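Residue numbers (this note's numbering), protein chains in the order written: chain A, 1 to 126; chain B, 127 to 268.
These aren't lab readings, by the way, just hints derived from the structure by calculation. Do not take every clue at face value.
Said to hold, decoys possible - The calculated SDA-like cross-link candidates involving lysine to any residue, where the alpha carbons are at most 25 Å apart (straight line), are: (1) A:95 with A:57; (2) B:236 with B:192; (3) A:95 with B:238; (4) B:236 with A:84; (5) B:237 with A:14; (6) B:237 with A:80; (7) B:236 with B:265; (8) B:252 with A:31; (9) A:61 with A:26; (10) B:252 with A:15; (11) A:61 with A:38; (12) B:252 with A:18; (13) B:252 with A:26; (14) B:237 with A:46; (15) B:236 with A:83; (16) A:95 with A:115; (17) A:61 with A:14.
What the hints assert, rightly or not - Away from chain A, derived, C-beta distances all over 10 Å, residues of chain B: (18) 186; (19) 192; (20) 193; (21) 220; (22) 233; (23) 244; (24) 250; (25) 252.
As the list claims (entries may be wrong) - Cβ pair distances, simulated, as ranges: (26) A:44 with B:223: 34 to 44 Å; (27) B:192 with A:52: 52 to 62 Å; (28) B:192 with A:54: 52 to 62 Å.
Note that the structure is predicted; figures quoted are calculated from it, not measured. Backbone N, C-alpha and C fix where the C-beta goes; we use that ideal spot for every residue, glycine too.
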Amino acid sequence: MTSDDWRKVIDLGLALANGAELPQDPELPALLRRMAPQVGMTRADAESALGSAPDTAALVKEIHRRTREGTYRLGRTFGASDLLKESGDRAGARKVLEDAMAAEVVPLYRAQLQAYLDHVDDLDDT
Amino acid sequence: MNAIRWVPAGLCLAFISGCSTVAHAPGRRSTGEYLAQAADACRPGDLSTVCCLKKHRLPEACGMTESEAATLMQGTREFEKATSTAANDDADDGWRQHCIDMYARCQSTKKPHWGGPCGSCMERCKGQRQWPFDMCGPGVAQ
Numbered sequence: 001m002t003s004d005d006w007r008k009v010i011d012l013g014l015a016l017a018n019g020a021e022l023p024q025d026p027e028l029p030a031l032l033r034r035m036a037p038q039v040g041m042t043r044a045d046a047e048s049a050l051g052s053a054p055d056t057a058a059l060v061k062e063i064h065r066r067t068r069e070g071t072y073r074l075g076r077t078f079g080a081s082d083l084l085k086e087s088g089d090r091a092g093a094r095k096v097l098e099d100a101m102a103a104e105v106v107p108l109y110r111a112q113l114q115a116y117l118d119h120v121d122d123l124d125d126t
Numbered sequence: 127m128n129a130i131r132w133v134p135a136g137l138c139l140a141f142i143s144g145c146s147t148v149a150h151a152p153g154r155r156s157t158g159e160y161l162a163q164a165a166d167a168c169r170p171g172d173l174s175t176v177c178c179l180k181k182h183r184l185p186e187a188c189g190m191t192e193s194e195a196a197t198l199m200q201g202t203r204e205f206e207k208a209t210s211t212a213a214n215d216d217a218d219d220g221w222r223q224h225c226i227d228m229y230a231r232c233q234s235t236k237k238p239h240w241g242g243p244c245g246s247c248m249e250r251c252k253g254q255r256q257w258p259f260d261m262c263g264p265g266v267a268q
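Chain A on its own, in the form it takes in the complex (with noise of 0.2 Å):
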């Protein structure tokens, strides 16, 4: 993984979301073959979808869906975890990561809230 790649199909995913089109550049097939598999998608939908332009330009828009989505919901669900369990409700803060994992497909994401669980029970913050 490069936070390159990442940055550069957020780039596309904004710029098709603005009503441009993808760009001819003979490095896109291969940025998403490597981005597929950092949102929890196969190669083998990458590799199909890489038959058309219209398919392609649906497949960034999914990379960048994921990514966007997934970030929002790791916001979300780090700061209601983190009021939970300032107020004692180690329980509740465990509830909403669990919840939050469950809906997350991007191995990235799930890696961090794992992280989150894994000190959930900690007394401090520090």
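Chain B: place on chain A using the hints.
Same frame as chain A, now just chain B:
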């Protein structure tokens, strides 16, 4: 001791009046410009530490050192200033608060530890309107 340090932040959010005796400690109101300018009302999604600082302006009452509070609120203020121009205004303000919240977490969360260059991640969040958890987040290598 550490658990005790963080209790006031949670109590401030749940029971604001419960922190008033600490926040009104004599002689501790003028801890610096950064806190004087941080008098915004708490907003949904604010970190409890940010909310506590906005309300009470006393880092110790919110479980932080003055240095930590200065960093947190300066970053928040600079970001709000940078994103408040007409060119950047749009109907969805949610991304701004999202970026601010994640920046604050990036700066302050220790369990689990957040790695990554928080300032650079803030810049990317402003551009892409989503926090780059691939660069900055729990478990990300420094």
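Hint numbers contradicted by this structure: 1, 5, 13, 14, 21, 24
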